[in-house]
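Protein chains in written order, with the working numbering: chain A, 1 to 162; chain B, 1001 to 1162; chain C, 2001 to 2162; chain D, 3001 to 3162.
Just so you know, not all the hints are guaranteed correct.
Derived pair list, reagent style DSBU-like, types lysine-lysine, alpha-carbon separation capped at 35 Å [claimed, not checked]:
| hint | chain 1 | residue 1 | chain 2 | residue 2 |
| --- | --- | --- | --- | --- |
| 1 | A | Lys133 | B | Lys1026 |
| 2 | B | Lys1095 | A | Lys111 |
| 3 | B | Lys1026 | A | Lys40 |
| 4 | B | Lys1040 | A | Lys35 |
| 5 | B | Lys1035 | C | Lys2095 |
| 6 | C | Lys2111 | B | Lys1040 |
| 7 | D | Lys3095 | A | Lys111 |
| 8 | D | Lys3095 | C | Lys2111 |
| 9 | C | Lys2026 | C | Lys2095 |
| 10 | D | Lys3026 | C | Lys2035 |
| 11 | B | Lys1035 | B | Lys1095 |
| 12 | D | Lys3026 | D | Lys3095 |
| 13 | A | Lys99 | B | Lys1040 |
| 14 | B | Lys1099 | A | Lys99 |
| 15 | C | Lys2035 | D | Lys3111 |
| 16 | A | Lys35 | B | Lys1111 |
| 17 | B | Lys1035 | C | Lys2035 |
Hints are computed from structural coordinates only; laboratory data are not their basis.
4 protein chains.
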Amino acid sequence: MAIRIFITGGTFDKEYDEITGQLFFKETHLPEMLKLGRSKLNVDIRTLMMIDSLQMTPTDRELIAEQCIRCEHNRIIITHGTDTMVETAAVLAGKNINKTIVITGAMIPYKFGSSDGLFNLGSAMAFVQTLPKGVYVAMNGRWFNWNNVWKNRQTGIFEELP
Amino acid sequence: MAIRIFITGGTFDKEYDEITGQLFFKETHLPEMLKLGRSKLNVDIRTLMMIDSLQMTPTDRELIAEQCIRCEHNRIIITHGTDTMVETAAVLAGKNINKTIVITGAMIPYKFGSSDGLFNLGSAMAFVQTLPKGVYVAMNGRWFNWNNVWKNRQTGIFEELP
Amino acid sequence: MAIRIFITGGTFDKEYDEITGQLFFKETHLPEMLKLGRSKLNVDIRTLMMIDSLQMTPTDRELIAEQCIRCEHNRIIITHGTDTMVETAAVLAGKNINKTIVITGAMIPYKFGSSDGLFNLGSAMAFVQTLPKGVYVAMNGRWFNWNNVWKNRQTGIFEELP
Amino acid sequence: MAIRIFITGGTFDKEYDEITGQLFFKETHLPEMLKLGRSKLNVDIRTLMMIDSLQMTPTDRELIAEQCIRCEHNRIIITHGTDTMVETAAVLAGKNINKTIVITGAMIPYKFGSSDGLFNLGSAMAFVQTLPKGVYVAMNGRWFNWNNVWKNRQTGIFEELP
């Protein structure tokens, strides 16, 4: 069965608006990234929102959970801003969804040339195929259980809880 | 324990020589790629050779196998030209090495800007952490058992055997 | 004699801060860009400020003018944010400096992969060698006299006055 | 009047064939490069050939000269492999064409991410607008008269004759 990919925005998909000089969201780069990676996996991509994860509300997280529950897929990737990735993972875990859910993101926008996004996407696509049911964060080449991870905001690195 | 990465060359590491106008190998880009991916995995990188895999001899494959057997690591990634990746996988499988070995590569050189290499490396790093012992090829976002994969030379895509 | 390059910031040199998610200035990319372009021109680069040109004050413009007057060079390039490039050109023209001064910039930061910066820099380096004394803006592959140019803020394109 | 751009191939337009692992020519990247540079110059682009300049024959050079003579444009850019750029310049100069002709090229293919091509194109577009009638080579940020330039094959740099 296909892998479901839910897009929620985050640094992954930020672009530079040359008229305003500001960062903004236009549309997701996921299809372009999968094409660049020559991925031949069967995927269903759906954009749920296009926001900075600092702006994500409890209602937004309920919507994401609802979509994870309702879809027919057993393997789900969620692209997400890194700042509140862990909060969303906890909400999803609280729903006891019997699926493999991998949340990933990027520190540098894909469009900025030297992004970690393509590496993270490659690892998330692999983890979602091989990890047992559960909710995970995939960053820095690693996977973390939802309840054993935090983002170190000084370094920008995801780590296990102390 | 650290993940061992053996470098053998292949498209991954090809560069353009601006004096001769030819493609050539200088040194591996793996450390640069892992840095770009913000990988925080513990890795030991070792270059075994820097060749086009069409030039790889049986002796070269024995050397790779020997290195996989001798090293203390249980999880090994081998970067490799795509043309004979499957042959090397078969040689390694014949040695009954009790480790997880993932062979990966790229269709486009990393230095050429629009490479699949970073995506493949991300997926290989994830597969090597999660797959059971065995010999695998990781390409196109997928993993294949060594005895159930071939490279379709018309399309450049790795597929299961018919 | 060498070409003088004064750096004042602008989109040219903006970077993405992966910790804060904001755009910021660190240091100029001019030497890196000239190296990428294999430029063999003799240049003296000096950073005067590193600011968004919307923040540029009359005092900043006086400082730039002062530096243009005082330096021993007859050919000067100024990298500058596009939003107030024309204002700075007018201030410089008012000083009747007997040199060729070319102001250039970029719509997309150099570090963002798909920037117009390298093209603009190439054209500015050429114009400064070939245009007679005067103050010019070099953008969109064209050169404009300081008193016959404006930035169309809807399109981001520099045009002659109507 | 528009600037004429004649395409002849060269490193500028080389691509990597991911099936064969060889460099090859598909189509010119000039329109894409001018778009990236936000060029608003009026140009007429025409591909005359797509070859490595080491393969260029006297007949090819006659064809290029013929096209320069016949076209209605007074300002012409020719993209060309760097190895025999100077030979073509000499052939053109021998025809006493009363136009400004600027020959440029690249050391690294545009598609390879870290190319000098965009810088060279920017400078060539500027030189063709500002230099008097004559035949010139534009490389390394500089312009050279056709009879005072050679390519140093050890360094890849264009220099004045000793």
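Discussion item. I'd like to know which numbered hints this structure contradicts. Please list them from smallest to largest.
Written reply: The structure breaks hints 1, 2, 5, 7 and 8; every other hint is satisfied.
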